[in-house]
Amino acid sequence: MKKALIPILLLVIGIWLASCQKDPISSNPSFKLDFSTDTVVFDTVFTTIGSATRSLKVYNRNRSDINISSVRLMGGNSSAYRINVDGQPTDHARDILLRGKDSLFVFVEVTVDPTNEDAPMLVSDSIVFETNGNIQDVKLISWGQDMHLYKADTLFVSTTFTADKPYLIYDYLWVKPDVELTIEPGVRIHSHNGAWILVDGKLVVNGEPENPVVFEGDRLELFYRDKPGQWGGIWLTSSSHSNIINWAIISNAITGINILPFANPDFQTLTITNSIIRNMSYMAIDARGASIESGNCLFANAKEMCLSLAAGTYNFSHCTIANYWGQYITRTGPALLLANYYLYQTASGDVEIAEYGLEASFTNSIIYGSRSNEVELVNSYYGQPINSPFIYHFENSLIRFDNLSDSSKFINVIFDKPLFIDPYGQDFQLESESPAINAGLMEFALKYPFDLNNVSRISDNNPDMGAYEWVEEEEEE
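The opening residue of the sequence shown carries number 1 in our numbering; numbering runs sequentially from there.
Honestly, the hints are just simulated from the structure, not real lab data. Any given hint could turn out to be false.
[Stated by the list, open to error] Listed next, the in silico DSS-like pairs over lysine-lysine satisfying Cα-Cα at most 30 Å (straight line):
| hint | residue 1 | residue 2 |
| --- | --- | --- |
| 1 | K176 | K165 |
| 2 | K32 | K57 |
| 3 | K227 | K202 |
| 4 | K202 | K151 |
| 5 | K101 | K57 |
| 6 | K57 | K227 |
| 7 | K227 | K139 |
| 8 | K303 | K139 |
| 9 | K151 | K176 |
| 10 | K151 | K303 |
| 11 | K165 | K227 |
| 12 | K176 | K139 |
| 13 | K32 | K101 |
| 14 | K151 | K227 |
| 15 | K32 | K202 |
| 16 | K303 | K202 |
| 17 | K139 | K165 |
| 18 | K447 | K409 |
| 19 | K151 | K139 |
| 20 | K176 | K202 |
| 21 | K57 | K139 |
| 22 | K227 | K303 |
| 23 | K227 | K417 |
| 24 | K409 | K303 |
| 25 | K165 | K202 |
| 26 | K202 | K447 |
[To be verified] Now the in silico label distances, taken between C-beta atoms and shown as ranges:
| hint | residue 1 | residue 2 | range |
| --- | --- | --- | --- |
| 27 | L446 | V378 | 31 to 39 Å |
| 28 | K417 | P89 | 54 to 62 Å |
| 29 | L404 | Y382 | 23 to 31 Å |
| 30 | Y424 | P389 | 34 to 42 Å |
| 31 | S69 | T182 | 55 to 63 Å |
| 32 | S361 | P114 | 45 to 53 Å |
| 33 | E359 | E210 | 44 to 52 Å |
| 34 | T53 | L446 | 51 to 59 Å |
| 35 | P389 | D43 | 44 to 52 Å |
| 36 | D95 | T53 | 22 to 30 Å |
| 37 | D43 | E359 | 39 to 47 Å |
C-beta: ideal position from N, C-alpha, C; glycine also.
Please build the complete structure, drawing on both the sequences and the hints.
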């Protein structure tokens, strides 16, 4: 019986070994490569600054192994592009074995030389593959953009940024005391990871409805469009005052604007109007002992809170303060925090309390978010009351708040859903059934007659709450 099984066992082993043998390397010219894309496209790349890495996958769909005799950059070693073929940095790789039904990666980067041109410049090349006499190529396309580079730089004299080409900041840009930085309409300021704009002097941002000034990170790929924490933010120090920001968009920083306590109460720290601050990994505005006037602004989505206003004087009108940070991510802070004191650290390292008091006003505004309570009032420290003035009021506004211990501070306030069009998609315009429509007071609207879409909010004599005026869609005929 055992002797009879031996031939059968040998036959099975032979068949199994034969099935495990790979077909020989094929030279069949009909066998071609497949690619994950026919064109590798980069977003705008700043000159001298390397791009993010793109990947290209190369497939052998055939059963047989094939030899890729050549993979090369058409532009050779003078190309703006760099490739890494299956782990090998090169501009020309030879004789690469690609097993049947297998694949390999080609990674691509690009660095563009300065052009001294204001407009973006097309930078193209291709990767050429030669297999069994077949020549195939994948195109490489990017746009190189010259920029003004500030790296750990300091402005000692008043300076104007113009919209000829973008500005790129590494480490920091420091505006010294008594120095004014003026930014003209349409300027785009890109800051690298961890970079800050530090203002000891004065910042004047003169955007326009159709040409806002944009502050954002330097990663321009679509993936980074709404990623917070890409750069530091703007710091207004204790010596900075009379700052003006009009028609600006500040996105994807750690803190949009960080305001240190101001030493001279005779000056206003900041006037910010017609602007958007959104997607912050900490706060949109973190102010201590400051004086802020704000109108027709959107403050949206921050990991901690949108606005933290600790001691000082604050007036907000026709603002939308909305925090829907991460649909599935826990947020510990409210959309708005008001406190009548702030903490500071002395030179010796001790923590002290500055009991300067608070005066805050919110009119024709919306304060809402994904938490059950989006307004936090703080006038005690570890259970000990702070006796400085704590003056605040909300008038003709819609807020999400569950503590009405003093109803006199809430005048014509709506405690209902604002019905934003798509808050998790960052569309904070109003749906047609929103209770905020026509609920504003004309007295406040006259100061800010146009909304963030530059639509009149006073033409119907019934302004809406918040930064966006609802407009009835015209029916198509």
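Compare the structure with the hints numbered earlier in the document and write down the numbers of the violated ones, lowest to highest.
Numbers 8, 12, 15, 19, 33 - these are the hints that the structure violates, sorted from lowest upward.
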